[in-house]
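Position in the sequence shown (first residue = 1) + 70 = this note's numbering.
Keep in mind that the hints were calculated from the coordinates and are not lab data.
All C-beta atoms, glycine included, are put in the ideal place defined by N, C-alpha and C.
Careful: at least some of the hints might be erroneous.
As the list claims (entries may be wrong) - In silico EDC-like links for lysine to aspartate or glutamate, alpha-carbon gap of 16 angstroms or less:
#1 591 x 542
#2 803 x 775
#3 1286 x 320
#4 507 x 417
#5 767 x 778
#6 998 x 987
Unchecked claim - Between beta-carbon pairs, the in silico distance windows are:
#7 746 x 608: 25 to 33 angstroms
#8 1120 x 110: 54 to 62 angstroms
#9 310 x 1225: 45 to 53 angstroms
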Amino acid sequence: MDARERDRRRKRNREREDNFQPLIPTNILDQASQRIFVLSLFILIQSWKVYDLVLLKSEISSTGEVLTLLSNFTFVLKYAILDGLFLWILPVLNIQYLTFSPFKTLMLTVVLNGFSIFLVSSFSLPLLANVFLPVWRFLLQKKELNIIGESIDVNKVIDMDSHFKGQLTIQYLPDSSAKMNPFHFDQVCLGLQNNYAFEMPIEFNTTSGIGYLQIQHTTPDNEVQYLNYTGGALRKLFRKDYTHLAKYSDREKRLDPRVFYVEYPINKPGMYRIKSVLDNKGNSIRTYKSEFVIADCPLAKFFYPPNFESSSGFKCLSNIEDDTYPLPWIEMYGTTPAFVKLNLKIDGTEYKMMNLSINLDSSRFISRTNFSWLKAVKLVRNLLHEEILKSIDVLHKGTNSVLEFQLLQIQDSLGNVHRYEPLSRDKDVWYNLKLRKSPSIGLYDKDQRQELLVGGTKVLSFSHLDEFVEDDFPLSVVVDYVSDNNERSNITTTFKSKAALQNGLAINKPGRYQLIAATDKYCPCEIDSKSIDVKLAPTPSLSIAADPVSDRCLGTVGYNFDFNFTGRPPFKVQYRIYSNVSGSLKPVYSDTGKAVRELVSHEKFHSFKFMPPSEGSYTIVFNNLKDANYHKELLPLDEKTHTFLTYFRHASQIGFQQQGRTIRTCYGHTAKIPLFFEGSGPFSFDYDFVDAATKKKLLDTVHVDKVDSYSIDTPDQLMGKTYEVKLSNAKDKFGCDAIITDAHAPMKVISRLDVPEVQLDGVEKNVTIVEGSQVDIPLKFKSSIPVSGHDKVEIKFLATNAKEAVIKRVLLVGTSIRLLEAGQYWLHSYESNGCKGRVINEANCVNVNYYPKPSMEIISSKEMLQHTDDSSIHLRPVCYGGTDEITLKLVGQAPFVVDYEIKLPSGKVESHSMNIETHEILIKLPTKASGRFEHQFNKVYDSLYTKQKGKVGGANVPKVIYDVNPLPTAQFLPDNHFTQICENKLFENSVVAEVPVELGGAYPFDISIVLKNEQSGQTRDLQFRNVMTNSLTLNNLDFLGLGDYSLSFAKIVDGNGCETTKFKSNDKYLISITEPPNIFKFDPEKKHYCVGDHVSYNLTGVFPVTIYYEYNDKVRKAQLYNYFERLASRPGVLNIHGLQDSGANACRVNYTFDSAKQEELRLQVHEIPTVEVNKGDYIIEDLHEGDQTELIFTFLGEPPFKLTYIRTIDIKKSGKKPVRKLVEKETISDIWNRELVVMASLEGTYEAIEIEDKYCRAIRKVDYID
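Between the sequences and the hints, there should be enough to build the whole structure, so can you do that?
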C-alpha cells in the first residue's frame, strides 16, 4: 500500500513539474533567474511610481511651476495599466511561485490600484510621515546636537553613576589571596606590536585593600631585581581601567565583589613572580606559586651578503653551469631554537612549504634555574641553498621558471610567532629568482651556392633564433676562423637586438668558420659547433673572336662576334658604339636613348652580329663584364683588346628637297625646284615634264651629268598649265644606282591664269559698335580662285586719338573683314593663295566708333562728414532693424544691371545682381545683423553693354560702409532672480537691494522697469538713468509693504540710442518683503535647566535662520529651521545675541542693545548634584559585630540638599546569580552643609540612590529586591 502511494505521489509531482514549464525554456534561462528579473521589473515599476508621485506633489514655490505633466487621474490611470499588464502577464510566463490563479491576480490588481489611489490622496503623505518619521527617529537618530554644536549620544550625556561615588561595605574578613597571570597568558613577547611592554594581571581575592606589592624579576643574566609598589605607585595601578579583563574571568568571579585585578608593566625579558603582598593593615596575603618568563619577540628577514648585489636575480640552467644558486641568507633575532616558515612558489603556483630550524648550539636549553636561554641572539644562516639543492631535479625540468620565496613567519623557543604579510614584496621577506634555460645557437650558411666575392662580404646566419627574445640582448658570440693558409683567429661580435642577430655575421675572408661560444644578457648559450667552409668566387673573363662582313659597293658593313666566357652564368656584357666624325668619337644612342648597351648570355659561349645604323666610320667598344657572382659591381674589360673599327657606305640617294609635292606659281612667274643629293657624288640623272592628267611628256627629256647640286627651272612655255616633274636614271660617281626618294610621288606644278583684285563696297562707311564686340565689313573680290581663309588682307588703321596709322593684317571671314577697335580703316594689300593682288580704290575707308559705357553715382544724406575719401562712403551707424538708404543715379541705356558684393558682419561675402529699370533708384540697406556692412558696386551693365556683350570696366564708385548697432538686451540672471528684503530695511536711507541683470549693448543705459504687486496686481514704473553696471540699485522703497513683488523690463535704451521694448514674458525678478526674524522661548517662564534637559526656542523668518548666541563666554552660531532645540550637556549660561535669516538681503536682528529682550531670552543650565560616600572610595570595612564606623556623605551642588541612601545585603541562590536585598532605606532633607556624617554598624553595603539640590535631582538605579 505504501509503495502504491509513493508511486501516485511521484506521478503527481511529475505532472506538477510538467505544468510548470515556463514560457522561456530553462535551458536558456533557469527559473530562479527568471524570478529575479520579474521581481526586479516589479521594483522598477514601483520606484517609477514613487518618483512620479514626488514630482506630482512638488512645485516651484516662487513661480508655481509644476515638474510633471501628470495629474491625479492620469497618474492612477498610468499605473493601473502598468500594474495590470505586469500581473496579467505573469500567468503567461508560467514561472514557478509567480503563477497565480485568475482570482488572485484580480485581487492583487485591485490592491495595487487601491494603493495608487491612496498615494495621490491628500492625506497619504501626512499619514505616512506621522507613521514612519517617528520610527526612523527612534531607530536611527541616536545622536543630538548640544548647545555648543557637538553631536553627542543622548544616552551618554548623563552618567548617573558618576554623580554617586563611593560605597561602604561592612563584612567579615574572609581569607585573602593573590595570583599572578590568572588567565594563563602564554606566547607573549616584547616587540613593536606591544611597544616592548606587557601588562601582567594579578588577581586579588580579598575584602581589604592592598598596601604593598613586591615582584621578583630574574634577568637573562641571572640577576635578581625587585619591583616594589607602595603608596602612590600602587594607587596608580589601581586607578587603571581593567574592565577588559572581564572577558577572561568566569561568571562567579565577575559577580564576586572580593575579586579584583591589577596589572603591572613588564618591559624587560626574564622571569617574573610575586614575592610578597600586604594589605592596608600590613597583614600578609597568601600568594599562589606562579612564574612567568618572557623574551623579546622573534624577528626574521632575508640577508643579502655584501657581494650579492652583483647578482641579477636569475640562474641559468644548462649543462655548462654549476649548481650554485644566488639565494639570500636568513637572518633571525630571538631565542633559539627558532623555526622559520617559508613558502616556495614556481611560476606563481605553490610548490613547497619549508620549515627551517635555526639553533645557536646544543648547550642552550630551557631551564628554571638558569635563564640565559631567554637572551635573544642574532644569527645568519645559509639555509635556502641547502633546501633548493634537494629539489634540483624538479627545477631543471622546467624552462624559464620563476621562483618566489615568501617569508611567512618565525617561531622562537617559547612558541612566540611573528607572522609577515604573505603578499608583501619587500625584499626583507620576499625574493624572486628567475630560472632561465640557456638558449641554443648555431652558425650556418643560408645560401651555400653564393660564394665569397673578391673584395666583398658574405653573411652567415644564426640558427634557433626563435629561442631568443629582445630581453636576452646584448648577445656576444665568438667564432673560430681558420684561413686557407691554416692561420687561426677568433672573431668576437656583440649583437644588441634580435633584428641585428637576424642580419647574421658578415665575413670578408675565405676559410673555415666555427661557432665556439655565445653568451646572452643572462646566460651562456648551448653551441651547435658545426663548421662552415667559405670559398672565394673567381672573377669572370671574356675572349672575343671578330669576323668582318664586307660589300663591294658599301665596304665593311659589320662584324660577327663569338664570345667565350669564364665564370658563373648568366653573363652581361656592356658595350658602346661611337661614330668617327672628323677624328672625333661621338656616342651613338640606342632607340631608347641609352649610350651604354648590354647583351646577356646564359651560356659560356655566345654569338653576336653587329651592323652599324648608317654609313660612315664606327667603333664598337666592349667596356664591362658581369656574371652571377659579380653582378653588383662592374668588372672593366681591356678596351684596347676589345675595341673594333668598321667603315662602310650606304647607297646614294637623290630627290626633291620640298616635302610637299605641289608647287603653285603666280601669273607670269616661273619656279625653281631644288634637288638634294646624298652619297658618293657627283651624280647624273634625267628628268621629264609630263601632263598631270594624261601622263604624256610635254617636253623632251633633260639629262644632267656629274653635279653635286641642282635646281630644276620650270619652262616659260608651260605657264598657265598644270604638269608634273619626274626624276629617273640616277647614278653616283662609282656607277652604282642611286636611290630616287619618293619616285612614285612626282612634283606637281600649277600655274595661275590671272591677278586677284579686292575693294571696299562704297566710298566711306560709318559704323558704331559696343566696345569689346566686333563688326564684319564686306569686300568685293575678283579672282580665278575662290576666296579662302588662307588669303591675306592687310589694312591701314588709324586708332582714335592716335597720330599715325599702322599696317596690320585682319581676319578674313568669308568675303568680309572683321574689325574690333574704334578708328579709321583703309585697304592696304591683298594676297590670294600666295599671289600678290591689287587693291582697287585705296582711298575708300571705314569709320568705327564705340557706344558710351554705362556709369553710376551714389548719393546719401547720412554720410559722415568729419572724414571723407574717394575710396569709401562711411554712413552714420544705424540700429538693428532700423532704416538706412542710399540713392543710385545711373547713366546709360536702360534697363540696367548692377553687380555688387556685400561683406556681412560675420566676414562672409555675398555676391548679388540688381536689375534697375530707371536711371535713379532708392536702395534700402540691410540692417538685420549687428556689425559692419560693406557694399562694393563692381559692374554696371545697360541694354548695350550686357554681361554677354561688351567690355565693361569697374563701376568706379566708392565702397559704402556702415555699422549696425545691436539692439540693447536686458534680462535677469536665471540663477539669481529672487531676493528677500526685510521690512525694517525699507525705511533706511541706504541701498535696499542690488538687482543683478545682464545687459547687452553700449553703456550707459536708460531702463524702464514695472514693479508689480503679485497679490493686488497694482503696478508702478521705475526709471533708472545712466546705468553703468550690471546691477540695478533699489533704494527708498518706503512705499512698499509686506508681500511679494515682481520686476519686469518695459524699455531699455543704450548709449547708441537703440531701443528695445520686447522682452521675455517670463523674465521676472521676484522681491519678497518679509518681517525680520524673531525668536521666542518655548517655555517663557522657565529660566533654569539641568544638564540632560532640552532647551527650546521658536523661530520665525526666512529659513534657515542663523542664530548667534553665547554659551560659557564662547560666541557660536547655528543655522536652523522653525525652532532652536539643543541638548544641555554641560552647565552654563545661554545668551542670544542676534538673528539672521536666509533671505536675499539676509535680514539681521541685533539683541545686544536690547537688554530687555536679551534678559527675556537668557537661561542657565545647572550641573546635576553629586554625592560622594567616604570621599568616593568603595570601602569594605571588616568589622566585628558591635563596632561602628563613620558613613560620610559629601555633596556638590546648590543647597539645600535632599539625600536618600540604602543598605543592601547579597543573597545567594543555588545555581543563580546573587541578588541584592534591601534591608534599610533612609531619606534626609534640608541639608544646608556640604558634608553629612552618619554612624553605621550593621553588615551590608551602604550607598546613595537619590540626591536633590536647589535646581536639579539625580536618581541612581540600583537593582534590589524588597
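These are the hints, each one checked on the structure:
Taken as a hint, the residue 591 and residue 542 pair is honoured in the structure, with Cα atoms around 5 angstroms apart against an allowance of 16 angstroms. Of the pairs offered as hints, the one joining residue 803 and residue 775 holds, with about 10 angstroms between alpha carbons and a cut-off of 16 angstroms not exceeded. At roughly 14 angstroms between alpha-carbon atoms, residue 1286 and residue 320 fall within 16 angstroms of each other, so this suggested pair holds. At most 16 angstroms may separate the alpha-carbon atoms for a hinted pair to count; residue 507 and residue 417 meet this at roughly 14 angstroms.
Distance check on the hinted pair: residue 767 and residue 778 sit about 26 angstroms apart at the alpha-carbon level, beyond 16 angstroms; violated. Annotation: proposed proximity of residue 998 to residue 987 is violated, straight-line Cα distance about 27 angstroms (limit 16 angstroms). Distance hint check: the CB atoms of residue 746 and residue 608 are about 57 angstroms apart, inconsistent with the given range 25 to 33 angstroms. The supplied range of 54 to 62 angstroms is met by residue 1120 and residue 110, whose beta-carbon atoms lie about 56 angstroms from each other.
Taken as a hint, the range 45 to 53 angstroms holds for the pair residue 310 and residue 1225, whose Cβ atoms sit roughly 52 angstroms apart.
Violated hints for the displayed structure, listed by number in ascending order: 5, 6 and 7.
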